[in-house]
Amino acid sequence: MGGNSDVKLIDDNGIRIDGRTVEQLRNIKIEAGVLKNADGSAYVEIGKNKVLAAVYGPRECHPRHMQNPAKAIVQCKYNMISFSVNDRKRPGPDRRSVEISKIISEALEYVVFTENYPRTSIDVFIEVLQANAGTRCAGLTAASVALADAGIPMKDLIPSIAVGKVNGQVVLDLNKEEDNFGQADVPMAMIPRTGEVVLLQMDGHLTYEEFNRALEMGTSACQIIYDLQKDALRRRYRVDAEEDPAEPETESSQEA
Amino acid sequence: MGREIMSEIKRDHIHKLISKGRRVDGRMWDEYRPISIETNYIESAEGSARVKLGNTDVLVGVKSVIGTPFADTPNKGVLSTNAELIPMGSPNFEAGPPDENSIELARVVDRGIRESQMIDLEKMCLEPGKEVWMNFVDIYVLDYDGNLFDAAFLGAVNALKTAKVPMEAHGKGEDFMMPIRCMPISCTAVQIENSILFDPSLDEEKVASARLTVTTDENGDLRAMQKGLKGALTIEQVKSVIETAQRLGGDLRKLVG
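Order-wise, the sequence lines are chains H and V. Each residue of the first sequence is one higher than the one before, starting from 1 at the first, in the working numbering. Each residue of the second sequence is one higher than the one before, starting from 1 at the first, in the working numbering.
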């Protein structure tokens, strides 16, 4: 957090530099099943963020010693491509992406029924194509849709969003300028059905009241994102009754 | 890459079709899969292009930063090409430092751009011996279904052609478009039994014995070539690939804005 509150990011009418109110999300687009090779995949745009997620597995667990005889492990690799940010990022993992990979893996592992696939690995790859604050949340949102697209049984999808504090106000879904010059950033993810929190980080400075307000905003935003995730999967797997009457496979799946 | 296991039944099927002069997906021997190119796909890059060649999906971006020139070319900008076969793109791609396949891919693309002198690197010099633009062309393979060479090359030339050198952001004056001198195009063919097939799909690459990539310029002159895989080509086959690459290069060049 830059913490520089001199930069005016919210005007007197409560409108942010990209025209949103403090409680408004950026435009979100979610698509499921966008890659051919991957067992499951998803593409997410949140504002100017563009993120792809791909799932391979359950498959043989790669570093063998990581195998768990009782359940599958979820291994996520979060990566930013070199031209996703203004200053070219050197290709390959850095400390930040290793940490993000770890917390996303842990969030996903909680919802996947890992005991169904002992000794295997479920590999999730997140590639940030274009970054504009909130990429880990966009990545996790995409990853859970990709897992569903791969047909992996899960308790629920995981919508994720960041909340923060800018010019002394709690705001939803920080953009890059707000992230750079804001006073706090709280990325979070939850399971909508149960309200359980599976990812939570914070940096900056918040009072307890402000944190509660942030949590509240994040919870309702997660519900909106959750609906978009489900909608993306429905669009991917919708079977139109009129379509392909000659295709026996389609017919039988409708009956089932 | 392309060396994975394949069921015998599929292998036989491809061979059988080829002996009858046909391909698995019904294409002619010199026919490319549908190509779509989306330029300026990434705003944070100086130039970018997402290229889909059939099911092969490649994202290429250009970043330009100010650096010091090489001692032997003090008045020329720098061009550097890098390819990442990210694990997202195929079950056989692994994370980690570039392997021989991604290095070959990057070097073949680099050679085509460099040897054709596509970029006027002398115009990329700010102060001789001190400051020049260093241009990084980064290739990411998002989905791999064969013929990365041509998909990556189309992506690279499109990304470069639409790239804007960020002078303003560095306080060096006005932005200008990447100085382009010509438009090279690469065409890749593989040999299966004694047939030559252009734009091989992944299945075709798996059974192929040899591969040849030919990069030509607008005049049909040759600018770079690369033979790959373990088989051998006859002189007649080499000539046939070159002549076809000259013809197809003209068609593909029309796709570059």
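Don't read these hints as lab results, they were simulated from the structure. Where hints are given, some of them may not hold.
Calculated pairs, DSS-like style, for lysine-lysine (alpha carbon to alpha carbon, straight line, at most 27 Å) [to be verified]:
hint: 1; chain 1: V; residue 1: Lys-123; chain 2: H; residue 2: Lys-36
hint: 2; chain 1: H; residue 1: Lys-36; chain 2: V; residue 2: Lys-16
hint: 3; chain 1: H; residue 1: Lys-29; chain 2: H; residue 2: Lys-89
hint: 4; chain 1: V; residue 1: Lys-161; chain 2: H; residue 2: Lys-89
hint: 5; chain 1: H; residue 1: Lys-89; chain 2: V; residue 2: Lys-164
hint: 6; chain 1: V; residue 1: Lys-52; chain 2: H; residue 2: Lys-29
hint: 7; chain 1: H; residue 1: Lys-89; chain 2: V; residue 2: Lys-123
hint: 8; chain 1: V; residue 1: Lys-130; chain 2: H; residue 2: Lys-176
hint: 9; chain 1: V; residue 1: Lys-130; chain 2: H; residue 2: Lys-89
hint: 10; chain 1: V; residue 1: Lys-164; chain 2: V; residue 2: Lys-16
hint: 11; chain 1: H; residue 1: Lys-89; chain 2: V; residue 2: Lys-52
hint: 12; chain 1: H; residue 1: Lys-176; chain 2: V; residue 2: Lys-16
hint: 13; chain 1: H; residue 1: Lys-36; chain 2: V; residue 2: Lys-206
Here is how each hint holds up against the structure:
1. Our distance criterion of 27 Å between C-alpha atoms is broken by V/Lys-123 and H/Lys-36, whose separation comes to about 41 Å.
2. As the CA atoms of H/Lys-36 and V/Lys-16 are separated by approximately 26 Å, the hinted pair is consistent with the 27 Å bound.
3. The suggested pairing of H/Lys-29 with H/Lys-89 holds, with an alpha-carbon distance near 25 Å, which does not exceed 27 Å.
4. The suggested pairing of V/Lys-161 with H/Lys-89 holds, with an alpha-carbon distance near 22 Å, which does not exceed 27 Å.
5. Proximity of H/Lys-89 to V/Lys-164 is assessed by CA-CA distance (about 18 Å); at most 27 Å being required, the pair is judged to hold.
6. Distance restraint check for V/Lys-52 and H/Lys-29: the Cα-Cα separation of roughly 21 Å lies within the 27 Å cut-off, and the hinted pair is therefore satisfied.
7. Simply put, H/Lys-89 and V/Lys-123 have alpha-carbon atoms about 25 Å apart, close enough for the 27 Å limit, and the pair holds.
8. The hinted pair formed by V/Lys-130 and H/Lys-176 fails the criterion: a straight-line CA distance of about 33 Å is larger than 27 Å.
9. Using a Cα cut-off of 27 Å, the hinted pair V/Lys-130 and H/Lys-89 holds, with the two alpha carbons roughly 23 Å apart.
10. Straight-line distance between C-alpha atoms of V/Lys-164 and V/Lys-16 comes to about 49 Å, which puts the hinted pair past the 27 Å bound.
11. Taking the CA atoms of H/Lys-89 and V/Lys-52, the gap is near 24 Å; set against the 27 Å cutoff, the hint holds.
12. Between H/Lys-176 and V/Lys-16, the direct Cα distance comes to roughly 56 Å. Violation of the 27 Å bound is thereby established for this hinted pair.
13. At roughly 17 Å between alpha-carbon atoms, H/Lys-36 and V/Lys-206 fall within 27 Å of each other, so this suggested pair holds.
In this structure, the earlier hints numbered 1, 8, 10, 12 are contradicted, and the remaining ones agree with it.
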